[in-house]
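Input sequences plus hints: build the corresponding full structure.
According to the working numbering, the sequence shown is numbered sequentially starting from 2.
Please note: incorrect hints may appear among the correct ones.
[Unchecked claim] Straight-line Cα separation of at most 30 Å, DSSO-like style, residue types lysine-lysine; simulated pairs:
hint : residue 1 : residue 2
1    : K90       : K170
2    : K25       : K15
3    : K135      : K177
4    : K176      : K150
5    : K176      : K209
6    : K150      : K208
7    : K95       : K170
8    : K150      : K95
9    : K208      : K101
10   : K90       : K19
[What the hints assert, rightly or not] Computed spacing ranges between beta-carbons, pair by pair:
hint : residue 1 : residue 2 : range
11   : I3        : K177      : 17 to 23 Å
12   : Y141      : K25       : 53 to 59 Å
13   : N92       : N165      : 24 to 30 Å
Since the hints were made in silico from the structure, they are not lab data. By construction, the Cβ of each residue, glycine as well, lies at the ideal position given by its N, Cα and C atoms.
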Amino acid sequence: MINELLNEKNWNAKTNEKFFRYLKDFTNEEKCEIIYDVTRELMKRGDEESISCAEIILICATQQYFDVESTHYKALVYYRLGELYECHKENFIKAYTAYKKYELNNINFGGVHAVLLRALLLRDDFTYSEEMEKELNLSYGESDLGLRKDRLYENIGTLITAQNNGDEKTAEMLKKRIKAIIKADEYFFLDLVFRKDATPDYLPTPKKLIDYINTL
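So, in structure tokens, the structure goes:
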């Protein structure tokens, strides 16, 4: 049934209705897992209607399907919702809020503080805050922090902290490092597909990041 729905050329309000009827026979845990996968596919399509339908599905999940034994299932939904707001709506306030709820419910995935660091930098227009520095320091200890995009945001956070501390020597070194990270793939941040926690994720890069890097 899911494949049939995803094979439809346009996913719209009527498709959403079919999808919700299909979910009725599943447990809340199963519903959250299915929603996590299906909304990812809708987000990969990238058109406005698919994104709108994905948002409705995810919000519905937070309202109706969170009577679950493990918070893991809530974390799945909140992560996907944060991704939607970050990458497709570019509403970084809502993205941070969703990712924070993901952190509070997450029991299975690593890299949480790298996600929150990224969300804070985008939300606060790449400015310093104690909250940002806290997430930066916590991200240093995350064993799975190694993806180029994560390293990029980590170095940006370190740069902003150095500038806040008046350490211009370190700041200049970090600017060079950031430029070296992106030089390997000329403007690699146009659109990336990468793997994290064995889960493929599609993360288009916000224009805000491109604009910031161009100022360095």
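Which hints from the list above does the structure break, by number from lowest to highest? Per hint list: 1, 7, 11 and 12 violated.
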